[in-house]
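So the protein lines, in turn, are chains R, P and Z. For the first sequence, my numbering assigns the number 443 to the initial residue and increments by one for each residue that follows. For the second sequence, my numbering assigns the number 205 to the initial residue and increments by one for each residue that follows. For the third sequence, my numbering assigns the number 46 to the initial residue and increments by one for each residue that follows.
To be clear, the hints were calculated from the coordinates, so they are not data collected in a lab.
Straight-line distance between alpha carbons at most 30 angstroms, and here's what the computed DSBU-like set of lysine-lysine pairs gives:
1. Z:Lys83 - P:Lys593
2. R:Lys497 - Z:Lys83
3. P:Lys593 - Z:Lys343
4. P:Lys633 - Z:Lys91
5. R:Lys497 - Z:Lys301
6. P:Lys593 - Z:Lys88
7. Z:Lys87 - P:Lys633
8. Z:Lys83 - P:Lys633
9. P:Lys608 - P:Lys579
10. Z:Lys261 - Z:Lys301
11. Z:Lys91 - P:Lys593
12. R:Lys497 - R:Lys482
13. R:Lys497 - P:Lys352
These stretches of chain Z come out as covered by chain P in the derived footprint (C-beta under 8 angstroms, 3 or more residues):
14. 64-75
15. 82-93
From the three backbone atoms N, C-alpha and C, an ideal C-beta is built for every residue, glycine too.
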Amino acid sequence: MSRLPVRKTYKLFVGGAFPRSESGRTYEAEGQNVARASRKDARDAVRAARAAQPKWAAMTAYNRGQVLYRIAEMMEARHAELADLCTGAAEVETAIDRFVWYAGWSDKLAQVLGSSNPVAGPYFDFTVPEPTGVVAILAPEPPLAGLVTRLAPVLVGGNCAVVVASEAHPLAAVELAEVLATSDVPGGVVNVLTGLRAELAPVLAAHMDVNAIDLSGADGDSAELERAAAGNVKRIVRGRADVQSPYEAASFLELKTVWHPIGT
Amino acid sequence: MREPTTVSRPSLGGGWGVGRTLASAPKSTGSARATDGAGAAAREPRGAVVTDLERKRAAAPAPSEWTYAPAPESREIVSIAERYGLYVGGEFVEPRSGEHYATLDPSQEEPLAEIAQAGTEDVARAVDAARGAFDDGWSQVSPAERAKYLFRIARILQERSREFAVLESLNGGKPIRESRDVDLPLSAAHFFYYAGWADKLEYAFPNRRPRPIGVAGQIIPWNFPLLMLAWKIAPALAAGNTVVLKPAETTPLTALLFCDVVRQAELPAGVVNIVTGDGRTGADLVKHPGVDKIAFTGSTEVGKAIQRELAGTGKRLTLELGGKAANIIFDDAALDQAVEGIVNGIYFNQGHVCCAGSRLLVQESIYEPVVAKLKRRLSTLRVGDPLDKNTDVGAINSRQQLEKIQELVAAGEEEGAEIYQPPCRLPEKGYWFVPTVFTNVAQSYRIAQEEIFGPVLSVLTFRTPDEAVEKANNTPYGLSAGVWTEKGSRILWMAQRLRAGVVWANTYNRFDPASPFGGYKESGFGREGGRHGLEPYLEFER
Amino acid sequence: MKAPGLPRGFELPLEPRLPRIGSVDAVALEERAATLGKRSIKKDAKLWALELAVRVIDLTTLEGADTPGKVAALCSKALRPDPSDRTVPSVAAVCVYPNLVPTAVERVRGSDVRVASVATAFPSGQAPLDVKLAEVRDVVEMGADEVDMVIDRGAFLSGRYAKVYDEIVRVKEECGEAHLKVILETGELGTYDNVRRASLLAMAAGADFIKTSTGKLPAAASPPLALVMLEAIRDVYEETGRMVGMKPAGGVRTAKQAIQHLVLVHETLGPGWLTPGLYRIGASSLLNDVLLQIRKQKTGVYQSPDYFTLD
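Please build the complete structure, drawing on both the sequences and the hints.
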């Protein structure tokens, strides 16, 4: 007699835990019943992200970098499982190397993006980048590397994320959530919602406590989303699924300039 | 005996002790400890009837001295070989010179292992291995892969951190608390930081098209053996170079253990080569024509010799040399923290720090309280076994260094400075020096001019910020300085004027891989740490 | 009015022998506290410290639900913390609300355990002065050996330092023979600078002890806060010779934390302060953890809370 495998239940990842949708609904994707997040789940995810953000931002850049590197370590350990859930090993390795690349930026962004400014007066004047806060991400394809390419630059600067996973291929995102849960990432720093994009995107675009929205994965109706985002002057980012750069991270950073007199 | 001051203050209660006469005590000058601690003794007598309360108070037992029991860190985690070769081309080889020498534990004067003395031929082999690795291997490895090797090294150092910390304290004499909590975390952090730059050089130097130089020869000192190795190797490798590194004569062991980290990280053979030996080995490395760049940290004297040697050769050079830093305390400083900063500035690592705050410049208006607090603080410093977790000040690194310190201290006394040393029982064997403070020091005394490189502080005074700057800059050195004041504008004003490569405000001896470190004037040139720390290891097209 | 002629050689002091108020650098302070927290105390030194910890505990119950029964049980525990080990000493004092003072006094009569009572509208201090003074008068009359008062934080934070000072002076007057501890409520003061200021002010007004907190706010007796207060005490001692005691209260829950506090005292003020006359720890659950550790030190075996009585 052959052994019946124990099947996984595909849940949301919010606040470091794996809840089902509060609506109790699922939808079918990749042959599985996957949690179908509701507007209330989106609300909870934003709340979790907001609660986690001050501590994540207050960690030293070095520590954040180490957490991102740890994510890469844990992804490497799940290479085979991840490869099964996306287009294959090449995509997995791209995603892993993306995290390694951004891990190395954490303690360098301020040196490249910030400055000390020679103002015309006896003042010490400097500019430092700071995280914008909570970022909503509509993850683009491919299902793993697209998500990671948009997530890593958000995290590296000290932001927290609410990610809407690929609608057609959500399982890789769920596996990634499991990786995050074992990578010393504090709960709430990354939240992953699976479900119907058309239901979730407008909620996040209009949410008054989301600081920026990444529309890389928005298909078609992005004008509507951009209008809704204007409600609290959200930063709108249209990044690419295949590019890595410190300037991708910069899109999610505010710049603060400080003046102080120089004198005895 | 001083009379209590009575001050009448309308509508306020009174001064120090309402409605009671204070048991006046003379202001203390030296030891501040009350040996009879029962509070009852300080209160005035109340008469013949002993109240219940008084009986209870009198029953409180007098305290005794509290000596913390020995808390030794175990040596078991480290295994030291009897004899070491040189690490060349990815393996340990016997020195062609045939010479070995013993390396010691300076706290016991006990030999720990036999170390190879690399001769001229050995150095040549190492340079050849580095050259071969550069030409055939390392420069072909993609920057992203270079980064991954360095990340591996960082992680392995973190994993083996306790092992390295114990070995560092054994071989060098510094307290385990420092090697465990400062040297090791910083060393791993340096590799982590520079790993991140390896595949981002075009962002670090936009439009300049950076390329590695080739083979770097690196000579490091004995005060932070592993950390100095990390400061040298991490940026060099991140930039794509290969290295031949010579650890200090007295502290080779953590560098040799590092070779095992290199092995575990599977770094290609010849990328890192370690040649041990005394000054002759360093000279051979400097002279070798196959080395494209020399990085040296050590004394100004040797630095000048190296600069002379390299004159006309076109070889790149960076030097990190000595210092005689001024630690400047203004009268509005947060006093207790400033005193901690003074202590950290000169007694951390037994004062074996190039950027040590060895000259205390204290504003005259605050001189007495600062010196009083400092002397009192010295008496709580624990000098002893480096492997004891409660030790604050460890052993002097070598007999040679101890003699140098003794010579300069004797000169200080002769020239007329006033010496203070807290009562301190030193172990019989090993190299030790009691933390020392000299007051009444003139700018011209040897102890105010020459680098002592030991736990000896010279105290001078100043009146105004201008005078502080003048005195602080009045030295051929220019590595670091400290400023203690609660006034932000003054911090910035002083920082602007101090001719030093590192200015610490309201802190001291702070290091970070992201923060560039290096000197002005005879303290050397070039920077280590930060984006700028990559520059010495790169060639630029423009 | 003419200023009196000053005798020759008399130096007019700017402040009446008050130590310099000055500032506290938070980063350096926290670092110093953390470094002292790394001291490794072992074997005999550890046992000595643990037994000292018992001797300096003010065993406390300050709940609305306190009854004579509860306080009686507390006093039994205070007198004999570990019935199975007679060598474990009594604690320094019990600390209770005013209504429970008579019970406590009755229960500890004849022993060396003192009775401390909170007063002055503990914990908030937000009541008229005459009410607060009457409370102090009452608890002293009922037999309290010690009074733990709270400063008026509302007055302090709005800059009315003279009012804060005056109140302490008046309370001290009402205390008579009883020994006064002044609670600063460090968790509400906002900065280390304020804690230093409040410490110096309380000592100037006549406090016998300064105390960190009421225990009603979370973790207000952190090592850095304690260190600021210890340094202020040291400055007062250096300047005037007067020895004031210190009491951390609230958040000291484990033996390890207690030992860390003792190390802070030892390395800031010296062994002279390591006595119940000058040092107390306000605690409730701490006592059992210390007893656990004492037994572990004596037997070499890790212990379970099951073997230690709750009261």
